[in-house]
Amino acid sequence: MSKYIQLFSLYWQNGLVYRTNLILWRFRQFLSALMALTVWSVVFTGQEQVFGYDTGGMIAYVFIASFLQSLVLATALHGLAQRVYSGEVSMLLTKPINFFGTLAIEDLADKSRNILFIFVEMGLLYLLFMPTIPLPGLQTWLIFGLLASMGAVLHFIISLLFGTLGFFSPETWGPKFLFFVIVDFTAGKLFPLDILPEVVQKILFLTPFPYFSFVQTQVFLEKYTQPELLNHILVLAGWLIGLSVLNSWLWKKGMREYTAAGH
Amino acid sequence: MLKRLHFYWRIWLLWATNAFQATFVNRGTNAIFLIAKLARFGMSLVFLLLLRQNIDSFAQYSTDELVVFFLIYQWIDLFSQSVFRGVYKFGQLVRNGEFDFDLLKPIHPLFRALMGSPDINDVLLILPTIGVSIWILSFLEVSITLGSVLGFSVLALNGLLIATALHICVLSLAIITTDIDSMVWLYRDLSRLGQFPVTMYMELVRFSLFFLVPIGMMITIPAEVLLNIEPSQAIWVTLVIGGGFFAASIALWNWSLKRYTSASS
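Heads up: the sequence lines are chains A and B, in that order.
The first sequence begins at 10 in our numbering and counts up by one.
The second sequence begins at 22 in our numbering and counts up by one.
Chain B extracted, bound-state conformation:
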């Protein structure tokens, strides 16, 4: 098992190195992408800090807590974009038949589809984002303890598991039908709803974001635990949803792979 993990780790490192070199081929464009992503992060923070100055509370949360919700959204979103960028191009590979080549290789096709194209721009953003986040957290009046950090760490991992599951669902749907290039962008927009605590939305949306597309379990619950706020859903429910969703996404992938017709080859 460890040998196999090491094998996949070496392959991923090779892909990451290739992606890193490709980034430096198109330096200008990638610099613009990096600036744009920093600008988006900065402008979101400016808006939240403006809210912080002008309102006392937001739903049942303080405005300082609201900023923490956004930071956690940013971390989880950034990580999943760094690693799962290949998902954005997968529909094209299915349509033109290039996915056939991945099926012939002695590595798991899901691993290739999911993690084959890491986004170096987002990897480069991780350090500045963490630095800015720590600086912001240093002046916010929030209750974070060692226990809450530990609880958060477990739930953040669960959140990453959910993010992985959602990306696998997008990949599976790309195999089943070619008419859904927007699906991964829909996921991005749904996860963007998690910039704010999902408990603020109306009942139907809130339920959907906790149980159908569990963005709430991915972002809101870890944030609540980090802030020592009573979580909106029980922690065991969050973990069951995380594990269950991941298992279901793998089953969906296996099912859809059997229906791959290699249409363009």
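Bound-form chain A, shown alone:
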């Protein structure tokens, strides 16, 4: 266990080597949340109800979704496929540590670093927009925490899946970029997905995208009935199991083809 604590400490320090980049990255996340909150504040200056939301409901939604996305979507594994293709992962594979465990620690260290900034950013946004956020009961907090953690694991597994691209092709950024673009709109940061036409929502709920932050935010705002909650937990668990199996199969298949290029 102590070696993983050491690894956590190393990855934490490693992420602070280029401090300006880290600060700029957080500032960019802040700008994105600022834009979403400003857009909706302006929309509601002219009318009280839009898309079934009132001012407080929408601002609270965007505020919580921004917080969650900063946490769930923060990852240190963006370049994993490149590390696989270039043979850089050989260094990890030859060490007496669990490969996926090490990547999980790397991701966790990145999220922990981001958390510090997230609280500062959210505090600032809170002072600027003064959202009225209805605090739910303990049970909802627990379910919210559970779903948020599951969302983070879901994103981690998807990051690993993108990493497997490195086994088969040097061109790894195209699919990842497409994923970023889709997440940008469908995870529900700029707008809640329930403002979209019914048919689009149904299609989106066949994908994992709403489980990065939209569903969790709706849980926090107590928009779901008990059966709906259970359904979402089961669907998210299904995604986690399904993608884990796929991930395991792809990594095994990739490892058989791995040539440790350049090493």
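If you're looking for bench data, these hints aren't it; they were derived computationally from the structure.
Computed from a predicted structure; not experimentally measured.
Listed next, the in silico SDA-like pairs over lysine to any residue satisfying Cα-Cα at most 20 Å (straight line): (1) Lys110/B with Trp182/A; (2) Lys110/B with Gln91/A; (3) Lys232/A with Gly65/A; (4) Lys232/A with Leu205/A; (5) Lys110/B with Trp34/A; (6) Lys110/B with Tyr27/A; (7) Lys110/B with Trp206/B; (8) Lys211/A with Val67/B; (9) Lys211/A with Phe68/B; (10) Lys110/B with His87/A; (11) Lys211/A with Leu71/B; (12) Lys126/B with Trp274/B; (13) Lys110/B with Pro179/A; (14) Lys261/A with Thr111/A; (15) Lys211/A with Gly63/B; (16) Lys279/B with Leu194/B; (17) Lys211/A with Met64/B; (18) Lys211/A with Ala60/B; (19) Lys110/B with Glu180/A; (20) Lys110/B with Asn30/A; (21) Lys110/B with Thr29/A; (22) Lys110/B with Ala37/B; (23) Lys110/B with Phe186/A.
Not close to chain A: a few residues of chain B, all C-beta gaps over 12 Å, as computed: (24) His27; (25) Phe100; (26) Gly152; (27) Ile155; (28) Gly168; (29) Gly172; (30) Leu181; (31) Ile271; (32) Ala272; (33) Asn275.
Computed Cβ-Cβ distance ranges for the label pairs, DEER-style: (34) Lys126/B with Phe177/A: 32 to 42 Å; (35) Ile271/B with Asp203/A: 43 to 53 Å; (36) Leu101/A with Leu26/B: 45 to 55 Å; (37) Gly96/A with Asn117/B: 16 to 26 Å.
Don't be surprised by glycine CBs; every beta carbon is placed ideally from N, CA and C.
Add chain B to chain A, keeping to what the hints say.
Only chain B this time, still in chain A's reference frame:
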């Protein structure tokens, strides 16, 4: 002067041809990039059209005008990405010393750094974007006249000058310090704030977007002139900021180039 321009035009054509051929080497990846960029454009439009259906006005603008602001952001952003893609890789060239080779060549290093890697994906997107924009403009209820188009054309050129200046600033900062790979992405996120009229932001942000990082002068003012809306800043101020910013960025480039240490060579 004309001879020199022709010389640089021929060099750029050569780079563009090379980039075009490279695009066809990685057909699959580039097709995915193209799809992703089209998807982003489409999804932004869907959101704006949803707003258009459900709200009457946005700040002091109509929802139809709001769509035009986005289209102008899209044009200016697309053009600058098509031409200035090399800026995204420049930090790496400075760190590994490859920039030395550009300094030895008989062409201006700024020209090479700024325009050396045109993005063919974005070039391919220009035509569909213009086509979709014209189709959308045809059903929007906005007031566009020949005079406003002429005024817009001048201010759009000024906007491109500002975009160029901002990219030159990013290049200069990459020479001064190696710790800022995110700077060009910060520029992208700041320019993304211009998808909506920057007058909607709170005072401090609005001031910054007009005068410190003049995204407002680059997108909002040209859009207001095109729509025959009284511009949020005087046109002469916009032009002075555009010219001044460009001159300052060139001065910054010259200053930073003198501090280039060729560390990795």
